[in-house]
Amino acid sequence: MARAEDAHLPLEEKPRLNHAYKKRKLLEYELLKKKKLMRLGNKTIDEDDEAVHLPNPMVGFGIPSEPCLKTHRNLPEAALGPPYFYYENVALTPKGVWSTISRFLYDVQPEFVDSKYFCAAARKRGYVHNLPIENRFPLIPLPPHTIHEAFPLIRKWWPSWDTRTKLNCLLTSIASAKSTERIRKALEDYDGEPPLRVQKYVLDECRKWNLVWVGRNKVAPLEPDEVEMLLGFPKNHTRGISRTDRYKSLGNSFQIDTVAYHLSVLKDMFPNGINLLSLFSGIGGAEIALHRLGIRLKNVVSVEISAVNRNVVRSWWEQTNQRGNLYDLDDVQQLNGDRLEHYMTLFGGFDLVVGGSPCNNLTGSNRLHRDGLEGKESSLFYHYYRILDLVRSIKT
Numbered sequence: 010m011a012r013a014e015d016a017h018l019p020l021e022e023k024p025r026l027n028h029a030y031k032k033r034k035l036l037e038y039e040l041l042k043k044k045k046l047m048r049l050g051n052k053t054i055d056e057d058d059e060a061v062h063l064p065n066p067m068v069g070f071g072i073p074s075e076p077c078l079k080t081h082r083n084l085p086e087a088a089l090g091p092p093y094f095y096y097e098n099v100a101l102t103p104k105g106v107w108s109t110i111s112r113f114l115y116d117v118q119p120e121f122v123d124s125k126y127f128c129a130a131a132r133k134r135g136y137v138h139n140l141p142i143e144n145r146f147p148l149i150p151l152p153p154h155t156i157h158e159a160f161p162l163i164r165k166w167w168p169s170w171d172t173r174t175k176l177n178c179l180l181t182s183i184a185s186a187k188s189t190e191r192i193r194k195a196l197e198d199y200d201g202e203p204p205l206r207v208q209k210y211v212l213d214e215c216r217k218w219n220l221v222w223v224g225r226n227k228v229a230p231l232e233p234d235e236v237e238m239l240l241g242f243p244k245n246h247t248r249g250i251s252r253t254d255r256y257k258s259l260g261n262s263f264q265i266d267t268v269a270y271h272l273s274v275l276k277d278m279f280p281n282g283i284n285l286l287s288l289f290s291g292i293g294g295a296e297i298a299l300h301r302l303g304i305r306l307k308n309v310v311s312v313e314i315s316a317v318n319r320n321v322v323r324s325w326w327e328q329t330n331q332r333g334n335l336y337d338l339d340d341v342q343q344l345n346g347d348r349l350e351h352y353m354t355l356f357g358g359f360d361l362v363v364g365g366s367p368c369n370n371l372t373g374s375n376r377l378h379r380d381g382l383e384g385k386e387s388s389l390f391y392h393y394y395r396i397l398d399l400v401r402s403i404k405t
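Using our numbering, the letters of the sequence shown map in sequence onto residues 10 to 405.
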């Protein structure tokens with residue numbers, strides 16, 4: 010990363026940083042090269058011994074139905090105060106990943122939350138942030154909390170032996186027509202309830218692919234419009250791009266209601282609006298969450314590699330008549346200190362830095378390249394840290 014950064018920064022364009030900061034950055038870049046050990050001062054920590062244990066239930070510091078689980082926490086001194094930061098990724102990662110993420114993000118401990126407490130679909134995620142946790146509030150109206158509330162028309166086809174009330178994590182791909190046809194054939198020989206072995210096969214497939222009942226013995230995957238609704242996005246938010254791209258973009262996005270609940274504390278803090286740096290923006294989950302909270306988007310620098318996703322965000326920005334400024338960039342790896350200083354001088358700095366770097370090498374559904382933060386895509390997390398640290402140092 011040090012080489013990559015220097016390669017794109019001519020000498021005269023490098024950010025003006027003090028000697029102590031440069032020395033600390035060199036040490037941190039050396040830390041990235043170590044696969045098993047991390048050194049902080051004289052302390053050596055084995056990542057394999059530093060696994061973060063996920064809570065049960067996964068409700069973080071509180072959810073709308075139980076908002077008072079925890080109302081105060083002590084943040085490390087290095088993490089205090091604005092600009093605020095908010096980082097998201099999948100909760101179920103290879104061993105040691107969340108310990109590493111936490112250590113690089115100023116030793117802030119993750120808040121693990123399952124979106125099943127906010128909507129009708131499970132989505133286990135970890136969030137590292139330095140936001141206050143007092144006086145959070147949910148988006149209104151509250152979204153449907155069960156499958157039948159979300160899709161009342163399918164109730165008449167739903168068999169009694171399918172006891173699901175929540176959908177599993179929404180994926181970037183869907184079941185094939187062959188899969189749903191195999192399920193139909195497995196059921197068509199039975200007038201009543203099928204044998205337990207058939208029930209188990211069907212339910213395993215339904216849970217895996219989030220299949221819903223659309224006819225007698227007939228299941229189908231969710232439509233993109235239905236996925237948008239479950240994730241809290243506006244209707245037709247991704248309309249106009251290919252069906253495959255819609256599933257991919259939505260599967261990689263935030264669950265709006267969950268994120269908005271965490272960001273809701275910013276509304277009273279920034280009554281005149283907010284300046285946002287949105288890294289790995291995707292289809293604009295953070296921007297939409299803030300908009301739905303009634304927080305004015307004064308200036309947004311959105312960084313997203315996918316041209317398809319950038320077009321979705323730009324279209325939403327125009328359709329919602331945003332009065333602020335949207336600056337869209339295409340690669341976090343090219344976002345250097347000079348460019349950050351330019352934007353921060355232009356409108357007075359960032360109030361919030363949001364990001365959710367790729368989970369390709371972290372998620373349990375990737376059995377071939379589950380390489381953790383050393384993987385090609387998921388190592389982009391370190392650019393979130395690099396950029397956040399630059400923003401915080403330039404501001405100070």
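Mixed in with the good hints there might be a few duds.
Claimed, not checked - Keeping only pairs whose Cα atoms sit at most 30 Å apart, straight-line, the calculated DSS-like set for lysine-lysine is:
{"hint": "1", "residue 1": "Lys133", "residue 2": "Lys194"}
{"hint": "2", "residue 1": "Lys209", "residue 2": "Lys227"}
{"hint": "3", "residue 1": "Lys257", "residue 2": "Lys244"}
If you're looking for bench data, these hints aren't it; they were derived computationally from the structure.
We went through each hint and held it up to the structure:
no., hint, result
1, Lys133 <-> Lys194, "33 Å, violated"
2, Lys209 <-> Lys227, "16 Å, holds"
3, Lys257 <-> Lys244, "17 Å, holds"
Against the hints set out earlier in the document, a violation occurs for number 1 only.
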